[in-house]
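Once you've looked at the hints, dock chains B and C against the given chain A.
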Amino acid sequence: MFVDSNNKNEFIPQIIVLCCENSAYRAADMAATLELSYPEIIKIVPFPCIGRVEERHILHALENGADGVMILGCLEDSCKFLDGDVRTNKKLIYLKEILLEIGIENARVEFHHISPNMGAKFVELVTKMKENIKKLGPLFKKM
Amino acid sequence: MYGSSVLVIGAGIAGITVAQRLTENNIKVYLVEKESYIGGQALSYGCKGVESCNECSVCLLQRKVKDMERYFSNIFYRANSEIEEVKREGKIFKVTLRRDIPLIDPDKCQGCSLCEKLCPSSAISVFHPQSIPRVYSLCTKHCLNFQDKECHICIDACPFGAISFNHKITKETLSNISAIVMATGFEPWNPKIKVEYGYGENKNVITATELEKQIYTKGYVFRPSDDRKARKIAIIQCVGSRDRSIGNPNCSRVCCAYGMKMARFLKEQDSGVEVSIFYMDIQPFGKEFTKFFSECKDDYNIRYLKSIPSQISQTKEGRVKIKYEDPQRGTIKEEYYDLAVLSIALNPDTKFEKLAENLDLWVKDSGFYESPDSMQVIKTSQKGIFVAGTCQGPKDISECIANAENAALEVILFLK
Amino acid sequence: MPQRRKIGIFLCSCGNTISKLINFKEIIEYFKNFKEVELIEENSFLCKPETLIGFKKKIKDNDLSKIIVAACSPQLKGTIFKKTVEEAGLNFNLLSLVNLREQCAMVYKEKESSTKSAIDLIYSALRRIKLQQPISSKTVRIKQNALVIGGGLAGLQTAINLSKLGHPVVLLERESSLGGNINSTSLVKYNHNNINLKELVDKKIEEVNNNPQIEVFTQAELIKLEGIVGNFKATIEIKNKDTRRERKSLNMGAIVLATGCQSYFPSEKYGIDLSSQIISQSQLEELLSSKKAGLNGINTICFISGIIGDDQRLKGDKLFNQALILTTKYKIQVYILCKNVYVAEDGLEELYQQAREKGIIFLKYDQKKPEIRSKASINKIEVSLYDRLLGKDFYVEGKELIISCDLLVLEEEIIPAPGSKKLSEILQVGCDEEGFYQQKNISLQPVFTNRKGIFVVGACRGLKNIIQTLDDSGMTSLEIHNLLKEKLVRYNLDRAMVDNDKCTLCLTCLRTCPHKVIQLEEDIELNQVKIKISDLACEGCGICVSQCPANAITLPRYKDDQIMAEIAQTI
Chain A
1 MFVDSNNKNE FIPQIIVLCC ENSAYRAADM AATLELSYPE IIKIVPFPCI
51 GRVEERHILH ALENGADGVM ILGCLEDSCK FLDGDVRTNK KLIYLKEILL
101 EIGIENARVE FHHISPNMGA KFVELVTKMK ENIKKLGPLF KKM
Chain B
1 MYGSSVLVIG AGIAGITVAQ RLTENNIKVY LVEKESYIGG QALSYGCKGV
51 ESCNECSVCL LQRKVKDMER YFSNIFYRAN SEIEEVKREG KIFKVTLRRD
101 IPLIDPDKCQ GCSLCEKLCP SSAISVFHPQ SIPRVYSLCT KHCLNFQDKE
151 CHICIDACPF GAISFNHKIT KETLSNISAI VMATGFEPWN PKIKVEYGYG
201 ENKNVITATE LEKQIYTKGY VFRPSDDRKA RKIAIIQCVG SRDRSIGNPN
251 CSRVCCAYGM KMARFLKEQD SGVEVSIFYM DIQPFGKEFT KFFSECKDDY
301 NIRYLKSIPS QISQTKEGRV KIKYEDPQRG TIKEEYYDLA VLSIALNPDT
351 KFEKLAENLD LWVKDSGFYE SPDSMQVIKT SQKGIFVAGT CQGPKDISEC
401 IANAENAALE VILFLK
Chain C
1 MPQRRKIGIF LCSCGNTISK LINFKEIIEY FKNFKEVELI EENSFLCKPE
51 TLIGFKKKIK DNDLSKIIVA ACSPQLKGTI FKKTVEEAGL NFNLLSLVNL
101 REQCAMVYKE KESSTKSAID LIYSALRRIK LQQPISSKTV RIKQNALVIG
151 GGLAGLQTAI NLSKLGHPVV LLERESSLGG NINSTSLVKY NHNNINLKEL
201 VDKKIEEVNN NPQIEVFTQA ELIKLEGIVG NFKATIEIKN KDTRRERKSL
251 NMGAIVLATG CQSYFPSEKY GIDLSSQIIS QSQLEELLSS KKAGLNGINT
301 ICFISGIIGD DQRLKGDKLF NQALILTTKY KIQVYILCKN VYVAEDGLEE
351 LYQQAREKGI IFLKYDQKKP EIRSKASINK IEVSLYDRLL GKDFYVEGKE
401 LIISCDLLVL EEEIIPAPGS KKLSEILQVG CDEEGFYQQK NISLQPVFTN
451 RKGIFVVGAC RGLKNIIQTL DDSGMTSLEI HNLLKEKLVR YNLDRAMVDN
501 DKCTLCLTCL RTCPHKVIQL EEDIELNQVK IKISDLACEG CGICVSQCPA
551 NAITLPRYKD DQIMAEIAQT I
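If you're matching them up, the sequences are chains A, B and C in order. First residue of the first sequence: 1, per the numbering used here; consecutive thereafter. First residue of the second sequence: 1, per the numbering used here; consecutive thereafter. First residue of the third sequence: 1, per the numbering used here; consecutive thereafter.
With the rest of the complex left out, here is chain A (with noise of 0.2 angstroms):
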């Protein structure tokens, strides 16, 4: 966990974003072409299709460190391998239910359809989810 060292009291929260090569991890990258930043440390993690990703992985996340997970894969009808996003948002809304009977808020699991060059909006996604999970606190808490 990064430990904030100028304010070790403020909660800075540790989100994972998931991103499919195609779509999401280009938007990253022209998010640095258009000279935007993001207000704390995210990590990115590369699939070659939002598809590959299971339930397995965002669970890990959560365990290890991560208040939260973004999972960004290809706009409908665009997947360069055709049913990509649609699978992984379903496995998705079966997962929100199991975790938020143990207790784990929706809206710290996120699903959301971006294109290569939303470089704003992938901005605009991680920083809203920072917000969020801000109010809603690191999700072990203290360790």
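FYI, nobody ran anything at the bench for these hints, they're computed from the structure. Since the structure is predicted, the reported quantities are computational estimates derived from the model, not experimental observations. There's no promise every hint is true.
What the hints assert, rightly or not - DSBU-like, lysine-lysine: derived pairs with alpha carbons at most 35 angstroms apart:
#1 C:Lys203 to B:Lys291
#2 C:Lys203 to B:Lys383
#3 B:Lys267 to C:Lys339
#4 B:Lys28 to C:Lys339
For chains B and C alone, coordinates are given in the frame of chain A:
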């Protein structure tokens, strides 16, 4: 077998596609582009999808432009170059290129953006954040040095010595060209000619390209007069097309699709925005068109008006007044909008006519290329010269790709 | 004793673009004492050819077994680094690329944040690369021929192009002769440039028949397809002259769908049936081309377009041409009622102008559709529509314009050729909602399908323009040439692999693979069936991996342990 080289004129979507395909087949390619970036006109378009894809095909171009990084080591790329002369000597063409090296040398510039940040008069910019290669250019209109004030902050700051205020022109002769592919593309028509719309004077009357720039810089659409968000937008189709009064009676084919997708994008981004499209006849496009069109009207509430405005003016407060004939009642109406977006006609590139003359190619009245074979429009009457892309006439991006690939096929078969 | 891992970390400062935003010293300090890190250093422009020579030398001199390159986005220079590492003798999967520029240095405002992020990213790459193993390659022999289904203009042109590129072609045509729609009178006889399409097609048929590289089977259909790109096994059925059916098995490298379209009169959408006075555009075409005096005594003809749909492509220029012939040759008064006039192709605007100059009256309607009434007493059809110029408040006053005509010509729908749906099931390629091939997905544009090695050309993908069809043929032939130009194809095994011992044969992977590369194969010796993933055609998306309930499938570059090692946070 493939010892000689092919000259591709123009590095837009068609030129890039031909160059990549020929390189994959072990043919040496000289890719000549008059600007300093590759990607052509379509580079300034942005993705029109919000949650679902609207099939604007811009990603197809962007993918090819990104791929060019891989091909650059195998293609002889000449930026800022124009064809001065082509001479045929038997089976070979001898081509003279004229290179206008810009003040920021694209061969040396690495895109580090230091000059842009330090320039006191914001004279330095990159054409598009996604342009490849990422090179900056200096605008002499804003540069202090060209305004008789001394300033060489950028020259001093550049770690690569890429900037110089001395204009350099170099010439190069390519003497082993076996085939030429013309892919000079198109140019947007100048809407200032349509005086009734007041483009240029009315700040809130903009072209589609300017709207695109608003979207990728700010992420939303605004009125240039006061930077306020635009809530009521009018899109005017057929500006410069199907208009005998300005000398272009033909349809520009792709603007209806463009206007509809842009309107849908604006509504998907913010359903509170009002979008009206003024049109003459909607031209169909793509797959499942009837469904797409009815969704735009019924689900997205885009207002379609079968009427072309007679006059567009702007009030002091910046409101755009559009005068048009009500298609239902035949009465004259005046409506106020925040922004008027003009869907501009496509014209052939300015350099095309001179080149066509040099190469002895036929040109239509419209200025576009005319093929002796009206089915295989990539062919020409000259042996070894081929044509690809929109210099033949307006096409959308996937049509350009298929057309360019067909041209590449003809080149490969010709060289065999 | 296992060999000590020697990982080399190469940081690139990209001139000083990255280094002024990240504290490289801190990163080097952090990692240099890790026991598996043999070398960590900063370079100025790692991608430059001169620097790459030094890079290769350092790999060899230090006997490095795995490399991490932390530089700009892997999407930019990834291939260069991969190639260089292979030249230095290491497998490409022993290289990990960290995006230190676009996703680290450039996007954090403070040097402290970007340095922390850089350390996290490199540490994640370190954890991951320990689990990365070399990926070998495989060479397969493929067939270099292609099967073209459909003998119309699209199929003929594709067959000609492919044979010119050196590929033998088998051309299948369902009817007894080649030519497709242009052969018969029912579609596209004219073209606004007055090119005789039939002559064009006849020339191509002759070229195909005289070409020894193209084998033509008429009265033949594809009934079964197995295998993958490079090795398709197609079963065709040929109807012989004595109505016997013969089956043939063909081994093909690639397949092209060029089955075309047909026109269809949707009486259910119009609410009327065809009759002697209400005919379709195709029937008018037959009337015009036959020698019979079908148009005797006809003074007024009315065309209606736009009631059943907004897509007038492929019907638009036919409309102008038919109307012009009726006006000029037969001196009939023609009315054309339409919503929008289709002028988006070369020459159509001129035709539209010519039509109006010759006295054809165009009436545009908008929301309210024209009504059609039969006046049997006077043997005429009445069409009524609301015209705005006639009444200012016509919805209130109801000012109708009534056209009384002898013959009413209604527009048809262009739909895929009969049997398209069945063929799409045999080939396992997707269709859109109208039944044309290619799902509505931009990554399939222009000529691709969800299956590698199967392409679509022409009207059967919804295209409605002959120039585009010929362009499609050119592109498809080049794509096939690219796939099949070498007899032996070498590829990396970074594709999905199934562990048959774990597989429970639930067939989920088979059903979910978007590219249909997963099949059930019979193992005759063991007398059982097992799942086979054809790695040549696999696109490496990993969807099957994530869907398999038994975790029996792996993707070597994206294994679960590797992904989870990358995800886990730095402490």
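> Can you name, in rising order, the numbers of the hints this structure does not satisfy?
Replying inline: 1 and 4
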